[in-house]
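**Q** Okay, so the sequence shown: first residue is 4 according to our numbering, each after it adds one.
Quick caveat, the hints were computed from the structure, so don't treat them as lab data.
One or more of the hints may lead you astray.
[Said to hold, decoys possible] DSS-like cross-link-like pairs, simulated, lysine-lysine; straight-line CA separation at most 27 Å:
1) 163 to 101
2) 97 to 32
3) 82 to 64
4) 32 to 18
5) 18 to 106
6) 42 to 101
7) 101 to 64
8) 64 to 97
9) 82 to 101
10) 158 to 6
11) 82 to 109
[What the hints assert, rightly or not] Distance ranges between label pairs, derived from CB positions:
12) 105 to 25: 39 to 45 Å
13) 24 to 82: 20 to 26 Å
14) 125 to 20: 29 to 35 Å
Even glycine gets a Cβ: it sits at the ideal position worked out from N, Cα and C.
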Amino acid sequence: MRKLKLQMNIAPDNKWDSGMSDFSIDNLKNVDCILHGRKTGEGFIPYWAEVASNPNESDHKLGRLFADIPNVIFSNTLKVSKWDNTTIIGGDIKEGIKALKSKKGKDIIVYGGDSFVSSLIQQDLIDEFYLLVNPVAIGNGQQTFNPLKNDLELKLVNCKPFACGTVLLCYTR
């Protein structure tokens, strides 16, 4: 069965550096589907399509991957995709994710969107957590992980600092 991986930048100023881009590219090597909630998808997909179309962009290689890997938006309001290589799935998120995980293929990744990610966590659908944490985010009150109904027991398997001060924390269940 395919795994659902969460990669999320948890920082109020979204600090980013080339090491984080390299990590993101590497993290996509075994991925053939990118998930989004409606709000994140509406910003993420067109932004990265623009980056992918400009070879002079510093994150062009990452943009190409984001544009080339099929995207799925979970939404009960959007009915038709306005973007290339993007499918809309409505209805029950848990059933939709289970169906995607049971299909043949590589892993699936989801990028942020507090309310969407929170619902995935609440329904115990995420298998791996890749959290890019910047210490200035402490006390920010980000709502992704609260309130949780049950304790989320995670095992730290990797920790990697980046030059800008952000730290990647990789957890498994």
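**Q** Of all the hints given earlier, name the ones this structure violates by number, lowest first.
**A** Checked against the structure, the hints that fail are numbers 1, 3, 5, 7, 8, 12 and 13, while the rest are satisfied.
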